[in-house]
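There are 2 protein chains.
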Amino acid sequence: MRSDIREWIRNNKEELIDMIQRMIQQPSTQRNELGIQRQVSEILNELQFQVDMWEPEVASLKKHQAFISTRDSFQGSPNVVGVKKGVGNGHSLVLNGHVDVVPEGDRKNWVDDPYSGVYKDGKVYGRGSTDMKGANAAMLFALKAIKECGVPLKGDIVFHSVIEEESGGAGTLEAILKGYTADAAIIPEPTQMKIFPKQQGSLWFRLYVKGVSAHGGTRYEGVSAIEKTQIVLDHIKELEQVRNDRIDDPLFSEIPIPIPINIGIIQGGDWPSSVADLVKVEGRYGVSPSETIEEAKAEFKQWMKKLAEKDIWFEKHPIEVEWFGARWLPGSIDTKHPLMNILTNSYEKISGAPPTVEASPWGTDGGLLTYVGNTPSVVFGPGVTSMAHYPNEYIEVDKALHFSEILANTIIDWCNKEKKL
Amino acid sequence: MRSDIREWIRNNKEELIDMIQRMIQQPSTQRNELGIQRQVSEILNELQFQVDMWEPEVASLKKHQAFISTRDSFQGSPNVVGVKKGVGNGHSLVLNGHVDVVPEGDRKNWVDDPYSGVYKDGKVYGRGSTDMKGANAAMLFALKAIKECGVPLKGDIVFHSVIEEESGGAGTLEAILKGYTADAAIIPEPTQMKIFPKQQGSLWFRLYVKGVSAHGGTRYEGVSAIEKTQIVLDHIKELEQVRNDRIDDPLFSEIPIPIPINIGIIQGGDWPSSVADLVKVEGRYGVSPSETIEEAKAEFKQWMKKLAEKDIWFEKHPIEVEWFGARWLPGSIDTKHPLMNILTNSYEKISGAPPTVEASPWGTDGGLLTYVGNTPSVVFGPGVTSMAHYPNEYIEVDKALHFSEILANTIIDWCNKEKKL
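These protein sequence lines are chains A and B, in that order.
For the first sequence, the numbering used here gives the first residue as 1, with consecutive numbering after it.
For the second sequence, the numbering used here gives the first residue as 422, with consecutive numbering after it.
Pulled out of the complex, with its shape left as it was, chain A reads as follows (with noise of 0.2 Å):
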């Protein structure tokens, strides 16, 4: 049976490259993920799973208080999950992927078109691919793989194909809150082919620096925000030193910016010759599996009231901090969860060598999964995380293929795994 999952795998490479090359085709950046979903709810009704198809709405989902968003609506940006129920008595499992892709930046740094979806030299290019386009149709690849091989199932298969995972998870929240949760759930972001048990969380804030207008000829009759805004950055920078300098997890232990704080919008000023009086910064705060996201909001509200330290501006012209848009919860699962054995013996059955199991440096809706659907999430994908949100972005075939082939092996076992009665 392993034999002819590896054998059918390795047959059909070339479905899998079409597979992503058209789900790369559909630029499902956030509020345009239509085409995307229905091509994937066409896959999975292949598959014959039962398809729920819909669109959330913000108005439930504001009850929750992990919702998150900058939207008022999803139109036009449905949700979809495919259930395939078991024969019985096994553990049940969500896989899970987001279809929303960032933005692709600045094309004059993309060799090929965005969207083209390019095949070359054993990769598919294109905005998605690793992140995460290249798994989620390498997990329907090995779910074709097990319905192709005749392999039954004792426990349900539950695929989450989410939106807005990019922008805080309402498509996953949404997902957990009409009941589609499991006994444990893979989520193959871009891990490289390593696992993940525990995931970075972050959060989105925005500050505004104040200064004072002036003409640009006099401008020493302003202040500019945009200079108090380098000393604000620097300051940022050192929040984020002494925030990594305490992390001593051995799964971190790699990782040279465990929870990074992110500068990535900087916007001000109006016009060449005034002095700017206003700059707004926006970034991503990286968030400790062994914090909580209040902890981690106290710590950098307080770290910026010592600005006024620095110069006496901040006095009268103290930074506020707004958390708003995204917010990943840090996510966790045992690392002696049965779900943790079975895909490290997978892995080094299929790979002859084991994985590398480390943190996570970035949030995943595995930490809504956790905490939220309480289903144990793991991470572990083909992509690669340093091609995520970059140009020319790919994902290598082979390590789609070597990914789906672990993923089905896998999920043989956790779903035939018998449930205690």
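There could be a bad hint or two in this list.
[To be verified] Simulated crosslink set (DSS-like; lysine-lysine; CA at most 25 Å straight-line):
no.	chain 1	residue 1	chain 2	residue 2
1	B	K701	A	K280
2	B	K840	B	K506
3	A	K210	B	K529
The set of hints was computed from the structure by calculation and includes no laboratory data.
Given the structure of chain A, go ahead and fit chain B onto it with the hints provided.
Then chain B, alone, in the frame of chain A:
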């Protein structure tokens, strides 16, 4: 004769107030200059000037390298020049005033309607009162005083009533190219009765700082364009220091930063949890009267090349500087120029104290008159610098009268100074 002038000016104060009010009541923001130009033409006609009123043509202006404008037509925006020939053998003088005003901004910040021209406590209020309709009216008033007192002039008076000063000087450039130049010029921009023989020029620049995008959770895998921008901004600040340290002209001795470089706009990144791969910076680059625009540009460009010494990143990602939008040539007249002597003497005789003579922190159309029109220009006017472009802008009528008297005396002395044949 001098006392006749003084008496006439004092006796006709109401006429000056009325002229300023009527000018303010024409809201001559960009593209709305027709009404006020008709008024000025009528006044010049009454003063027996030969009046030329015409709409500049973009097509022919574009051929001149000093032309810069956001407009592709000046239809409905005429320039006006009035010429009064002298009896012969005297020195000619350009009197240059712009009729365009900057927009009034948020009307809520105005006590009275910005175009009411209300007269209260010795001040006429309204957009353009200080910059520079009060001064324009005071020039015409001085010319009327000379005429009414029957003082003959040997040299020609060339009165420029121009458009577009606030947007780069297309009106003055057009007047120059049509041949309306002279031996020297006076421009009564709001100097608060200080005499500015030199004026700072300025250019707008734009530059892009590149980085490499990455996921914020592994930000160490990217290169933050925002961090690189901090290096660029520090580097530009050093350039400002170097350029200002070099200035030893005593006219600048009271000015904290004679030729500032102002960073007006910063904009970068497109996602809070991505490493920003591009930042745009726009600003205003002060140009000294002792350098050419080309020299100033070359120094900036050269300085940017030195960035690679600070951070090897810039060797492969050099900063390209783009010059765009507005540009004001620096202006300059020799402090020993005869017009300077005459103006200074007139000031002292009438005021009983010597004037403040310094360099202007902002550009005027004097740069164009000096370098394109070969007409050395001095800037001296009754308005208050800090009220220009501000809500509740006003002109003090006593200052305007004082200015009129000094100007009338200066005109008489300058235009009657005989040319060596």
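How the hints compare with the structure:
{"no.": "1", "hint": "B/K701 <-> A/K280", "result": "holds, 14 Å"}
{"no.": "2", "hint": "B/K840 <-> B/K506", "result": "holds, 15 Å"}
{"no.": "3", "hint": "A/K210 <-> B/K529", "result": "holds, 22 Å"}
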